[in-house]
Amino acid sequence: MAEANWYVVHTYSGYENKVKANIEKTIENNKHLAEEILEVRVPMQDVVEIKNGAKKTVQKKMFPGYVLINMVMNDDTWYVVRNTRGVTGFVGPGSKPVPLTEAEMKPLGIKTENVTIDFGEGDSIAVVAGVWKDTVGVVQKLDFGKQTATINVELFGRETPVEISFAEVRRL
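Okay, so the sequence shown: first residue is 1349 according to this note's numbering, each after it adds one.
Hints are supplied without guarantee of correctness; some may be wrong.
No farther apart than 30 Å at their CA atoms in a straight line, the calculated lysine-lysine pairs in the DSSO-like style are these [what the hints assert, rightly or not]:
#  : residue 1 : residue 2
1  : Lys1481   : Lys1379
2  : Lys1454   : Lys1481
3  : Lys1379   : Lys1444
4  : Lys1444   : Lys1404
5  : Lys1454   : Lys1409
6  : Lys1399   : Lys1489
7  : Lys1494   : Lys1366
8  : Lys1481   : Lys1404
9  : Lys1379   : Lys1366
10 : Lys1444   : Lys1373
11 : Lys1454   : Lys1408
12 : Lys1454   : Lys1444
13 : Lys1494   : Lys1408
14 : Lys1409   : Lys1399
15 : Lys1404   : Lys1489
16 : Lys1399   : Lys1373
17 : Lys1454   : Lys1404
Hints in this document: simulated from the structure, not taken from any laboratory. Since the structure is predicted, the reported quantities are computational estimates derived from the model, not experimental observations.
All chains, full assembly: derive it from the sequences and hints.
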């Protein structure tokens, strides 16, 4: 199978999240695409705004009008992404999409190296950082593309699945 790379897709301004949702829905409906289109991201950054004398941290899009997609480039994936509502095209010369280089991905916080983990599905893990720090859960699913583990935590008296980065957990 060909190697997946990160590509930049140009969208109508303000349609970034809709494009992300539409592509993810298409992947959900066409299971064979799940192995070719691995991840869709709208890069966000924390920005401090001052309104009425009060500081407030809000998330803003790093690149308004653009969406990042980690995918295997072939005729099918190109067609699906290019014909998604709100997409105006891939970034690259002419009609040829150009993948991002390692140097371009680094400031975006996209890691290409794989993290090795010592736990698997069904193992108990403890969250050691982030919002869910000090939470214990059983691994339900592992996503090596996103480098996340999905665990169930008790929230308001019911089990709720939570996605946590490999870097934020350790095996019990």
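The hints, checked one at a time:
1. Lys1481 with Lys1379: violated, 34 Å
2. Lys1454 with Lys1481: holds, 26 Å
3. Lys1379 with Lys1444: Given that 30 Å is the threshold and the Cα spacing comes to 26 Å, the pair holds.
4. Lys1444 with Lys1404: Distance ~41 Å between Lys1444 and Lys1404 Cα, so the pair is violated.
5. Lys1454 with Lys1409: holds, 17 Å
6. Lys1399 with Lys1489: Cα-Cα ~41 Å, so violated.
7. Lys1494 with Lys1366: Answer holds: Lys1494 to Lys1366 is near 20 Å, not above 30 Å.
8. Lys1481 with Lys1404: Holds: Lys1481 and Lys1404 sit about 23 Å apart, inside 30 Å.
9. Lys1379 with Lys1366: Holds, because 20 Å separates the two Cα atoms, which is no more than 30 Å.
10. Lys1444 with Lys1373: holds, 25 Å
11. Lys1454 with Lys1408: holds, 19 Å
12. Lys1454 with Lys1444: holds, 23 Å
13. Lys1494 with Lys1408: holds, 21 Å
14. Lys1409 with Lys1399: holds, 19 Å
15. Lys1404 with Lys1489: violated, 35 Å
16. Lys1399 with Lys1373: violated, 37 Å
17. Lys1454 with Lys1404: Holds, at roughly 27 Å.
Consistency note: the structure conflicts with the earlier hints numbered 1, 4, 6, 15 and 16.
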